[in-house]
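Chemist: I would like the entire structure built from these sequences, with the hints used as guidance.
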Amino acid sequence: MTDDTTAADRATEEAGMNTEAVVLTGAEIVCECLLREGVDIVFGYPGGAILPTYDALTKYPQLHHVLTRHEQGASHMADGYARATGKVGVAMATSGPGATNLVTGIATAMMDSSPIVCITGQVPTGAIGTDAFQETDVTGITLPITKHNYLVTSLDELAEVMREAFHIARTGRPGPVLVDIPKDIQNQSTNFVYPTEPVTLPGYKPPRVGRADQVDAALKLIRESRRPIILAGHGISMSNANRELAQLCERAQIPVALTLLGKGAISEQHPMCLGMMGMHGGAEVNHAIQQADLLIALGMRFDDRVTGNLATYARNSRKIHVDIDPSEINKNVNVDVGIVGDLGEVLRQLLDRVERRPNDAWFDRIAEWRADSELREIVRPADAPQHPAVPEGKLLGAQVIRDLFEFTGGNAVTVTDVGQHQMWEAQYYQHERPHSLITSGGLGTMGFGLPAAIGAKMARPDQEVWAIVGDGGFQMTSMELATAVQEQVNVHIAVINNGFLGMVRQWQEFFYEERYNQTPMVNPDFCKLAEAYGIPAARVTERGEIEEAVNRNRALTAGPTLIDFVVEKEEIVFPMVPAGADLDDMIRRPTPEEFERKRRERAAAAEAPEEAAPEPEAPAAAATVGTRFGV
Amino acid sequence: MAKHILAALVENRPGVLARVSNLFRRRSFNIDSLSVGRTQRENISRMTIVMESDTAEADRLVKNLYKLVDVVHVDHLHSQPSVVRDMALVKVSASSDNRREVIQLCDIFRARIIDVSADSLVVEITGEEEKLEHFTELVRPFGIVEMVRTGVIALGRGGHTLKDEGYKPNRGRSSSRRNVL
Ligand SMILES: Cc1cc2nc3c(=O)[nH]c(=O)nc-3n(C[C@H](O)[C@H](O)[C@H](O)COP(=O)(O)OP(=O)(O)OC[C@H]3O[C@@H](n4cnc5c(N)ncnc54)[C@H](O)[C@@H]3O)c2cc1C
Ligand SMILES: Cc1ncc(C[n+]2csc(CCOP(=O)(O)OP(=O)(O)O)c2C)c(N)n1
Ligand SMILES: [Mg+2]
Chain C
1 MTDDTTAADR ATEEAGMNTE AVVLTGAEIV CECLLREGVD IVFGYPGGAI
51 LPTYDALTKY PQLHHVLTRH EQGASHMADG YARATGKVGV AMATSGPGAT
101 NLVTGIATAM MDSSPIVCIT GQVPTGAIGT DAFQETDVTG ITLPITKHNY
151 LVTSLDELAE VMREAFHIAR TGRPGPVLVD IPKDIQNQST NFVYPTEPVT
201 LPGYKPPRVG RADQVDAALK LIRESRRPII LAGHGISMSN ANRELAQLCE
251 RAQIPVALTL LGKGAISEQH PMCLGMMGMH GGAEVNHAIQ QADLLIALGM
301 RFDDRVTGNL ATYARNSRKI HVDIDPSEIN KNVNVDVGIV GDLGEVLRQL
351 LDRVERRPND AWFDRIAEWR ADSELREIVR PADAPQHPAV PEGKLLGAQV
401 IRDLFEFTGG NAVTVTDVGQ HQMWEAQYYQ HERPHSLITS GGLGTMGFGL
451 PAAIGAKMAR PDQEVWAIVG DGGFQMTSME LATAVQEQVN VHIAVINNGF
501 LGMVRQWQEF FYEERYNQTP MVNPDFCKLA EAYGIPAARV TERGEIEEAV
551 NRNRALTAGP TLIDFVVEKE EIVFPMVPAG ADLDDMIRRP TPEEFERKRR
601 ERAAAAEAPE EAAPEPEAPA AAATVGTRFG V
Chain G
1 MAKHILAALV ENRPGVLARV SNLFRRRSFN IDSLSVGRTQ RENISRMTIV
51 MESDTAEADR LVKNLYKLVD VVHVDHLHSQ PSVVRDMALV KVSASSDNRR
101 EVIQLCDIFR ARIIDVSADS LVVEITGEEE KLEHFTELVR PFGIVEMVRT
151 GVIALGRGGH TLKDEGYKPN RGRSSSRRNV L
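Protein chains in written order, with this note's numbering: chain C, 1 to 631; chain G, 1 to 181.
For the record, the hints were derived by calculation from the structure and aren't laboratory data.
With a Cα cut of at most 27 Å, we get these calculated DSS-like pairs of lysine-lysine: (1) C/K205 - G/K163; (2) G/K63 - C/K205; (3) C/K331 - G/K63; (4) G/K67 - C/K205; (5) G/K67 - C/K331.
Modeler: In structure tokens form, the structure reads like this:
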């Protein structure tokens, strides 16, 4: 969270702007405000109702405008920019269809608390409500998917609205804010003085420090616990509380589990870090949560992909929940101690007094669960004995991600799309630093990956950025390849091409008796597609080819690159907690031993076909798996 | 389950009513009544929200109301002494034969007759909800032609006052903003 006034002041100084009155149009005031908020890039797409602002942009060369190929791309790019830096990302679009095209990106940012400001043109004030050409009620449409939104009703309030928009987007629990500006207001002129007093909103006061009595109560629970576990979420990195988290877990000897968006909250190489929890989290992590006697939830919102069946979730534990949003406390999971505040502040309050307690027995138990998980692992070094489930000579999506992790030294910023490849990234790419994994968690928006990666790379040009996308989601926004070329954005695209809407296929395999309805895809040749845009591309079909292809593209530092990884079509993301099942009732990949036994049984059954199929074993989730017990 | 009365002070900004009512729908809060009106402060309106729910649900609504930028203050009025009123206008059919009976009922309930025509009366009645309900039950046999209720409004008694001190309207804001609710 940036302090509002200082950021604006700094921007003012840097830009050499004075604070005396000048005559400016509404459109120029918009640009002026963007500059003062420290904006350097605007992602957008022009059209009639926003044209005055596009014209004004020509006078503000410090504001670099990126022409996307679809407004959805603009909102995702602004989001990627924001997630990569913690700064506010900006998207701009015209009224009507321009504004509605932003919607998916706004909802995506809302679900994951990403700070973006969207500026839309609106029909002139006098035409509002008349169904004028390209009029839509965009403040109405986005009301439930923005943190706040504005329809500017007079030029006098424009600058103040812009400042409030940035303030609301970046402070407290961040989120998207939309400002809708009628065309006539963009055109009108006024004597403009940039307001300098800090933004005050009587109904908006983000909390900071936690209440002392609740901090005491939390310390008491920590002291009394034998099997504590920290659940670290997105809030840690949003609050820049990464160092405090590491200190807390080290000082109190408490293992840390991560949500998908919590990846990067603490280094996954850290000995206390267990990895991801939830639907596709590590089995050992989910067991630990279910067996814990204390959950310490930090900046995570107990999403249903994290808890599974709420009725049986961590039943025997006491719970502490720290969140900046009071409405998250006791929303999904009732807690013993709820602390409302900014994580950095609250963690420092806790750190002052937390005691060191050895939890060796607890770590030993977790290590046992982990050893079992390792038996089932399919991604192994090439020279190690392989799991028998790995098909000879086939390329696995999971392997691709692990190798990408190795060959990029774990240092890349990765941006994913949504699906199986996203879960493999979460499982096999270990992140060390905050803001190094950018992924659509809450909305699960296919098509997010490529544009968000472009936004992230433009925000942090010094960083290696990989877009890891599925063949399905890639095709939802692949037109943004042109944007990447036009802007010469050096993002490396890895298409995990399984010829399927893989994650949906997996659900059909498990829960719909392998009826793969509408999930196989006839795809274009992705290399040729890239070539049509002038993008260097390569195809990889074997594990042995990964290193060379990755390194070749990493060496290309101008413009985008692409690798089409043609992977096993029917691979499964293990483990999996079926939606609504108990968190520790996971569908697991068999151990090599179990795998061989099942293979023998199946061969025997094939020889005696008339024999009735054995009754499926009772109710564990594993029984819901289809006939394959797959990769 | 109990009746919860919440009072919210909101800034008079365009769309504030839409934001609050969208919240009810979006998070599936079941609201019995909602009434909105101006206050002694130029930029502040007051909403009274009545819901039948358990306390946890009411708390959840309070927290979610606070998330709205335009909501300045929210209070649970059931947790403090307060005065609660609802008002109804009831058009009762009344011919010369039975008009007297209706008028007598009105007297008992301290309801006022504010319009008379050949075959009906319009009655204004104020009080707690139960009183209004009781009254409408009793006049129902005469025939209720139409009726309207304001929904509940409420104030804390004596020193129980909703805090909006520290509230400063934004410079030049309210005057330029139309369509307040
Ligand atoms: C295909 C698919 C599979 C998935 N599987 C999994 C899975 O297996 N495991 C998993 O974890 N997720 C999974 N997800 C993601 C999941 O849906 C959620 O998006 C994710 O769990 C949310 O993580 P979070 O609660 O940490 O982050 P958010 O949803 O971003 O919540 C962050 C919380 O932090 C709070 N906060 C923000 N700033 C601060 C601050 N300064 N101080 C204090 N608090 C703050 C916010 O108020 C909020 O409550 C999956 C998603 C998809 C699409
Ligand atoms: C916009 C959108 N539509 C539909 C879905 C549902 N969905 C989730 S994952 C998935 C399949 C993704 O397929 P692909 O992009 O090929 O990735 P894979 O799972 O094969 O790695 C679908 C259709 C979604 N998340 N987003
Ligand atoms: Mg796919």
